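Novice: Chain order of the listed sequences is U and V.
Take the first sequence: its letters are residues 1 to 342, numbered as in the numbering used here.
Take the second sequence: its letters are residues 1 to 507, numbered as in the numbering used here.
No lab work stands behind these hints, which were simulated from the structure alone.
Note that this is a predicted model, so its numbers are computed, not measured.
A portion of the hints provided could be inaccurate.
Chain V is faced by these chain U residues, among others (derived, beta-carbon under 10 angstroms) [claimed, not checked]: (1) 208; (2) 209; (3) 213; (4) 216; (5) 218; (6) 248; (7) 249; (8) 287; (9) 305.
Quick list of simulated restraints, FRET-style, between CB atoms [said to hold, decoys possible]: (10) V:134 to U:288: 39 to 49 angstroms; (11) U:322 to V:183: 35 to 45 angstroms; (12) U:191 to V:13: 15 to 25 angstroms; (13) U:191 to V:270: 32 to 42 angstroms; (14) V:415 to U:135: 33 to 43 angstroms; (15) V:180 to U:141: 48 to 58 angstroms; (16) V:424 to U:135: 22 to 32 angstroms; (17) V:173 to U:288: 49 to 59 angstroms; (18) V:82 to U:322: 17 to 27 angstroms; (19) V:471 to U:141: 50 to 60 angstroms; (20) V:153 to U:175: 47 to 57 angstroms; (21) V:221 to U:135: 36 to 46 angstroms; (22) V:221 to U:288: 47 to 57 angstroms; (23) U:141 to V:38: 37 to 47 angstroms.
Backbone N, C-alpha and C fix where the C-beta goes; we use that ideal spot for every residue, glycine too.
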Amino acid sequence: MADTLSPPGPVAVQRWQKTGAHLGEVLDALSNLRRQGAGQGAGTRTAVMTLVVVGGTDAEADSCLSSVRALGSHHPCRALMVRPEPDSTPAIDAEACLWQARTSDGTDEHPVFFEELHLRVGGQAASHLASIVGPFALADMPLVLWFPGPPPDPADPLLQVATAVLVDTRFASSDVAEVAHVYRTLLELANRQPVVDLSWARLQPWRELLAGLFEPEPARELLRGVRSVAVKGKPGPRHLLGGWLLAQLDLRTREVTLQDARHVEISLHAAYGEEEGTFVVSRDDTARAVWARATLSCGVAHSQALPLPDDSLTTALSAAMGNLRADRVWERALAAAATLAS
Amino acid sequence: MTTEAAFDNPLAEGLDTVRRAPPGVLVVFGASGDLTHRKLLPALERLSRRRLLPAAFAVIGIARTEMSDDAFRDVMVEAVPGAGPGWAEIVKNSSYITGDYAHPGTFSALAQRLGQVDEALGTGGTRTYYLATVPDVFAEVARMLGQVKLNRPAHPGATVRLVIEKPFGHDRATARQLDAALHEVFDEEQIYRIDHYLGKETVQNVLALRFANAIFEPLWTRNYIDHVQVTVAESLGVEKRGSFYEKAGALRDIVQNHVMQVLSLTLMEPASSIDSERIRDEKVKALRSVVVPQVPEVANIAVRAQYDSGWVEGVSVPGYRQEDGVDPHSQTETYVALKLAVDNWRWAGVPIYVRTGKRLQKRLTEVALQFKEVPHLAFPKAAAEGLHPNALVLRIQPDEGVTLRFGAKVPGQAFRVRDVLMDFSYGTAFLEDPPDAYERLLLDAMVGDPTLFIRTDEVDTAWQIVEPVIEAWSAGAAPLAGYAAGSWGPRQADTLIQRDGRQWRTP
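Input sequences plus hints: build the corresponding full structure.
Specialist: If you want it as structure tokens, here you go:
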């Protein structure tokens, strides 16, 4: 949530870099950064995981980095940015940095230190990233691989070192056939290890609000008679939400309509017995908020609004890091979304 | 209402990792008061911002102060500057009833209003009554709710709960009278007694530290622990509560409730499950193991004192008797030091030293377990001059965390051992800012989780422990000592612990 994710910006306290480095030198450099920062309190490490960002475009990597730093005080982790470049000179270029963030409980402030390491891996080694990532993993801590670009090949040996894999289906192609392909690849991956979709985490407010509209008893009964569902949005989110509703409400594909739009909106019409109801969850264009409204023919009407975080990637990353488990509901939604896309 | 079985909400699957309040109405008695404005409304807004309140939700405020619905809605808006968009929806659904708590008309108006809200929002008859009033009216409000049958759920599946805040009585007899009056109308399962200390994340962390870690619990016995110190220190004075404090004093205001709650969590045996009743059973068992002092021995095991003027945090402050609303000849204690004993297998022979006071050097709450000395020190005495017995300190506020003191070799050719602290701060390790105590407890009450609320037998047992002290002090058994504001308390408190060859920690 926005109010919990606004630590003061972290600052770099120590840096080191080398072109053509051996892994041993990089590991020594990381230890030295800690030692040199010990006077500022960096001798004590509080870490919750090793996070490895693999590939992606420069813009994607920058976006990942700023989110990791923004989360530094809440999810202190050793972050590795690995850029495989199999066609360039066989060498490893490394840059390490020790960051300091501060947490505050309103009374006291505590420094939190976390390390960031950039590795450009050229030549054949780029195809053997597991051997490079492994030595940097913090002992006894989860290792999370984050693929900001296309999802990895499920057979990639690098995946074997991971506790969980982070992906983002938000930017799936506008080509529906490719969307379906990405979803099937992810399902195959999810069969092997926990996959966490940042897009799914980002859509949680919509899901929670829609589910919440059916909590009062008269509305709950209407779930027995959902007649139609319309989901608007960009290709990734609208397919995922459509798939979720298709799977969870056991609908037929023709009862789910998908439509292109800038913002996500879900409309659901239901009738059961003598009761009818309309349920809408939509984004307010004028404010960063999502609104949910239920109107029933018996006269009951309720509505709710939730603020959207200023930085949706950071918030989604925070939610994902707090829940690195297989999500069967997401997997069912993905499978149904693949059907809708094809 | 449908006669078919309740239908599970398939859209909620996978979203139930977080507890959310069900549809319902929160009725706040004392809605025009300070507690509502300062604590309850901001806590509700944070719950709404964290997506923990339902869409079908309303607040009905009740108080004697004349106010329209719109004026109350304005109060709700003003109480939470910068509120999220969800708050506006809750404010829109909320309303206010002006009325005297002794007047039946107030409660029939409430019954009518609740019916209207149920019909408009689908809140289904679920209500939580929060008594943010002076304790004197608790019994009366409960009785009047019973008279209009608002004490029982009107619909199947609905729940009705009553939330009250400490103090629960002025002594054991009045606490029992209050309980008897409440139980005439509400079942014990419907009554949620708040001690906001239990809503603090770090108080709950005492349970996590003890029962989620294999390394601490085996040491948590008389075999290894020499004594326990509980400190609840405040740097503030009585502020604007002088007239209230005059009738209460530190023993009633802090020891009978906050200290006993922290103590019960520290002393309790592991519960067989996380079920609220099992945990509360163990807490009561722990309190019942505390040896109830005898009146004649109080002078030897308890110290009472009152602060004089002094300097706190660089500011010159007046003595207690110079505070607003305080009798210039007041005999009310602002400081208590107490030595307790526990009669059970785990704690027999381990003294528990408790101290609490206002205008002490700094604000802090901690539980310190002082371990026994090693049976034999193999090093020359000079090599271990800087070494003390191990101590495990649970810091409850501020700077919540755990500190372990142990000996380590000083680097160098010589063999010297010195104390070092291994210091863990919750704030540096966890993902989210913890909820504030009211936020946590309000949600628990609405969800129906009584774990962090005090059961009637806990209240009674806590009064039983402190009552002989009250009796002895009322009879003038112990003179009232003085201490300088900004100090760590009177020298008599030092003597109390030094007689046993120990000393207070300097936190």
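Novice: Going back to the hint list, which numbers does this structure go against?
Specialist: none
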